[in-house]
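Asks: Here is how the chains run, residue by residue.
2 protein chains.
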Amino acid sequence: MPKVRLALAQTNPTVGALEANVEAILATVANAAAGGADVVVFGEMVVTGYPIEDLATRESFVSKSEAAVLQLAKSLVSLGFGEISVIVGHPSKARKRGWAIAHNSISVLRGGEIIGQYHKHHLPNYSVFDEYRNFVAGDKLLTFEHGGLKFATVICEDIWQSGGPVAEISKSGANVTLVINGSPFEIDKDDRRLQLVQELARTHKTPTAYVNLVGGQDDLVFDGDSLMVDASGDVIGRCAQFEQDLLFIDFENGSVSQAGAHPIVKKDDLWQTWNALTLGLRDYCDKNGFKSVVLGLSGGIDSAVCAALAADALGGENVFGVSMPSVYSSDHSKSDAEDLASRLGANYRTQPIADMVRAFEENLELGGVASENLQARVRGVILMGISNAEGHLTLTTGNKTELAVGYSTIYGDSVGGFAPIKDVEKTLVWRLAQWRNEQAERDGETPPIPESSITKPPSAELRPGQVDQDSLPPYDLLDAILEGYVARRLSVAELVATGFEEDTVRRITTLVDRAEWKRRQGAIGPKITGMAFGRDRRLPITNKHKE
Amino acid sequence: MPKVRLALAQTNPTVGALEANVEAILATVANAAAGGADVVVFGEMVVTGYPIEDLATRESFVSKSEAAVLQLAKSLVSLGFGEISVIVGHPSKARKRGWAIAHNSISVLRGGEIIGQYHKHHLPNYSVFDEYRNFVAGDKLLTFEHGGLKFATVICEDIWQSGGPVAEISKSGANVTLVINGSPFEIDKDDRRLQLVQELARTHKTPTAYVNLVGGQDDLVFDGDSLMVDASGDVIGRCAQFEQDLLFIDFENGSVSQAGAHPIVKKDDLWQTWNALTLGLRDYCDKNGFKSVVLGLSGGIDSAVCAALAADALGGENVFGVSMPSVYSSDHSKSDAEDLASRLGANYRTQPIADMVRAFEENLELGGVASENLQARVRGVILMGISNAEGHLTLTTGNKTELAVGYSTIYGDSVGGFAPIKDVEKTLVWRLAQWRNEQAERDGETPPIPESSITKPPSAELRPGQVDQDSLPPYDLLDAILEGYVARRLSVAELVATGFEEDTVRRITTLVDRAEWKRRQGAIGPKITGMAFGRDRRLPITNKHKE
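Chains as they are written, first to last, in full-length UniProt numbering: chain A, 1 to 547; chain B, 1 to 547.
The set of hints was computed from the structure by calculation and includes no laboratory data.
It cannot be assumed that every hint is accurate.
A pair counts as met if it fits within one copy or between any two copies, since identical chains are not told apart.
Said to hold, decoys possible - Below, in silico cross-link-like pairs of lysine to any residue (SDA-like), each with a Cα-Cα straight-line distance of 20 Å or less:
{"id": "1", "residue 1": "K266", "residue 2": "D230"}
{"id": "2", "residue 1": "K189", "residue 2": "Q161"}
{"id": "3", "residue 1": "K205", "residue 2": "P474"}
{"id": "4", "residue 1": "K93", "residue 2": "L539"}
{"id": "5", "residue 1": "K456", "residue 2": "Q434"}
{"id": "6", "residue 1": "K189", "residue 2": "D513"}
{"id": "7", "residue 1": "K518", "residue 2": "N288"}
With the sequences and hints as input, model every part of the structure.
Replies: Given below as structure tokens:
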């Protein structure tokens with residue numbers, strides 16, 4: 001039996017950009033062909049981007065997607081790649097139709113034709129996924145032959161649930177299993193994926209390829225990390241995380257091996273998290289036509305980390321920082337902000353808010369929280385004004401802890417189209433800042449974040465001498481309670497049973513419940529945990545339940 | 001066989017308010033008992049309110065709901081209602097568990113016990129519903145006997161899909177079918193419901209009761225309209241729409257009849273729509289602890305209709321209108337706003353924005369759209385300041401047409417916790433205004449909306465002499481294209497084929513696509529159509545697809 005070379009193509013499609021996605025597939029097949037590939041396998045819905053959400057219910061979108069696949073098949077032939085088997089994901093029209101009208105499909109292209117199709121069986125409809133809403137389930141395994149090898153194909157969730165076509169792989173006589181995926185990043189998820197792929201390979205005694213997408217799409221970041229295991233589950237090759245990649249695997253005389261050098265370098269969680277956040281922000285900008293961002297720089301840790309992420313994503317010259325001091329702003333808030341901008345090579349300007357705040361105060365009678373909110377809202381108006389006038393995307397710098405307890409001013413510091421650290425709890429913001437500075441030191445570069453922004457007590461600086469801990473418990477305690485209440489869905493009683501003080505728990509959970517209306521109006525931002533605010537956690541605003 | 005009296009209990013529970021909901025059930029059973037009822041049937045999830053969304057995935061919430069049902073069963077006995085069969089809906093723990101851990105259930109309570117349980121089989125997961133996400137399906141019909149009659153029970157979606165336990169009703173030997181529902185209002189949906197119930201009754205040759213909830217829950221409004229048909233599908237009795245109600249039905253010697261007078265008065269679509277909007281707003285306030293609302297009064301039709309709805313919902317004395325004229329504001333914008341407030345008996349104040357706008361303009365260099373947005377944002381800051389200082393809920397007055405094309409300033413006129421006419425297209429806003437004024441005239445009252453607000457050309461008044469039609473097609477054309485693109489999901493090609501001009505269609509659909517990020521940050525508001533922005537239509541922000 002001749003050698004068969006498989007290429008795992010880890011690419012970054014854009015939702016709805018059918019032509020550009022097809023062009024990118026063709027370019028990747030050309031690279032794979034140059035590397036001697038016989039079979040090239042792409043990620044889930046690579047033709048349309050993923051997830052397409054309710055676009056899947058638009059007749060014209062599904063038609064155009066199918067037409068793009070046929071066009072792709074023809075273009076492959078005319079470019080001289082007609083003998084390669086190319087496996088792509090896309091929506092296809094279903095015969096059974098209700099709200100959903102399409103399957104989530106695989107097409108195997110060869111010789112200008114679709115030589116086989118598979119429709120995803122298990123449709124995830126939990127966490128951020130709404131696939132039972134948007135797709136019709138398929139129920140038949142697909143196998144196809146190439147060079148004497150028999151390949152079986154399945155899609156993503158099919159290997160996370162038991163039963164369905166995946167159970168038929170051994171019986172089908174397949175020699176290789178191809179799993180195509182759109183699996184978003186979560187801290188620690190890479191290990192779970194590997195285990196699943198290993199189990200699958202061992203169960204069906206087939207070498208198994210796991211091909212994931214890479215790139216940001218709204219609040220999801222696909223991290224890639226595509227991989228190949230042999231029939232015993234041993235890792236044969238692994239793609240990079242957070243970048244496009246192409247991995248070649250050879251099948252010859254019943255053995256499977258990596259073709260060419262492709263070192264596997266797994267990085268730690270902080271590296272992964274930083275890179276997920278950077279990629280999520282970069283792709284949101286790239287795919288939505290923004291070249292630059294504007295954000296308020298308070299001298300605090302949140303805006304510093306957001307600015308550093310933006311500089312890593314877009315280059316410091318495309319980051320526009322604005323210091324907006326009030327009468328309550330400390331000197332260090334201004335000097336730390338300026339220091340940060342200079343470390344990042346970012347643009348920097350100062351716009352004091354006193355004149356505008358005074359104009360409102362002279363016209364309206366506001367006190368207490370209304371007066372504190374006013375300062376934040378004047379800053380929001382300034383940032384949006386700059387954004388409108390200069391065309392930058394506005395970043396909002398709130399972290400997950402703030403969002404959880406509603407420690408922010410709606411239409412104030414929450415303004416913006418993207419929230420880079422929306423899913424990063426406060427204690428992790430600090431760890432990321434330290435990690436990023438250490439990384440810079442290891443690389444012989446200037447640490448981007450001023451030390452004082454990391455070490456000083458956090459403060460909103462909306463009244464004299466205010467610090468966050470005036471109104472909130474210490475952040476390590478707060479984050480621990482939030483982890484239990486939000487991520488693990490524990491009740492007050494259960495949290496108290498694990499050792500937290502009841503009053504504190506009740507205070508925090510009440511704040512979380514009350515902030516639901518604000519979160520609903522918040523910007524999207526990259527999900528990095530198993531329970532991000534947004535599509536992961538869908539609770540009513542009107543909700544009298546007290547845990 | 002003795003006479004059996006059935007009571008259809010159409011009530012308004014609040015999500016999460018377990019104790020209050022149980023109290024309300026007990027009070028309703030007491031009323032039903034006083035009217036001689038033997039069997040009392042409530043709506044879907046009456047114990048917890050509906051929809052509970054991801055609360056269904058919280059272990060503690062499901063446990064407390066089940067405990068509340070058992071407590072209810074005991075309380076019924078201690079209040080002397082132990083011989084009545086009481087049918088209530090609630091979540092119950094499922095044996096099979098994944099993301100979802102609960103069934104959407106019916107319990108039949110009698111003698112202090114649960115004498116039977118049914119678990120919803122068809123879990124709607126389209127439109128605004130996420131039940132496949134949140135519930136585990138049941139698959140067995142429940143029947144129970146009372147007074148020699150055999151009752152079968154099913155839940156809502158079970159009768160909208162074919163197959164499942166509902167198909168077993170005839171075989172089960174049931175004499176009466178009880179369908180309990182949480183079916184939100186949409187214009188025209190009442191007719192479709194009636195047809196379904198009639199078909200069900202005829203298919204299984206059983207008199208059939210359809211019991212719906214009533215009340216507002218976030219963006220849904222349950223309109224009630226519970227009804228009873230006989231085995232031939234003829235309507236025997238029908239509850240009021242948009243209010244709580246109790247309908248008695250007698251079964252005697254094989255015949256079914258209404259007990260006592262309960263006239264069926266069906267009202268037209270505009271009446272229904274106005275009442276849906278009023279109830280949605282009133283319940284959002286009541287259930288979230290707001291006694292009053294604040295909104296900007298521009299003299300235009302949108303704010304006038306919102307203020308009139310608020311006055312109908314909460315009383316004019318609880319409506320706080322603010323006129324915020326700029327240098328571009330016409331005289332009529334102020335006089336019409338004042339006239340409106342006086343007609344409604346609403347509170348009224350004027351807060352010119354010139355000082356604040358000037359303070360920003362002197363500090364920032366803004367022109368064009370940035371300058372127009374600035375005016376809207378200064379107004380937003382004023383409204384939120386008043387809301388924070390005085391405790392009113394801020395209403396945002398944008399209509400569905402504006403939301404569709406993004407004809408609004410984010411963090412400006414879009415600020416607010418509730419959007420009363422979010423799902424009302426501009427042409428319907430005018431029709432509702434006219435209808436409400438005519439209604440007032442019929443009732444011998446002052447028409448609430450100044451005639452000039454209805455007749456003048458709509459304008460945002462953000463620059464001299466501006467009218468909406470400078471930048472948008474005429475509203476009747478715009479609404480017709482939006483109906484095709486948004487509600488009917490037609491493509492540009494399909495819209496052009498129906499006779500619209502291609503340039504106009506492309507311009508409008510592009511505006512709709514580009515405004516997705518703004519809509520995501522918008523306030524919730526009552527759904528009245530089959531395709532409301534929000535949970536009905538879930539599209540990516542990052543989306544390069546052009547129809």
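Asks: All hints are to be evaluated individually against the structure, with a verdict given for each.
Replies: Taking the hints in turn, this is what the structure says about them:
no. : hint         : verdict
1   : K266 to D230 : within (19 Å within a copy, 69 Å between copies)
2   : K189 to Q161 : within (16 Å within a copy, 37 Å between copies)
3   : K205 to P474 : neither (52 Å within a copy, 65 Å between copies)
4   : K93 to L539  : between (33 Å within a copy, 19 Å between copies)
5   : K456 to Q434 : within (13 Å within a copy, 60 Å between copies)
6   : K189 to D513 : neither (28 Å within a copy, 33 Å between copies)
7   : K518 to N288 : between (25 Å within a copy, 14 Å between copies)
The structure does not agree with the numbered hints 3 and 6 stated previously, though it agrees with the rest.
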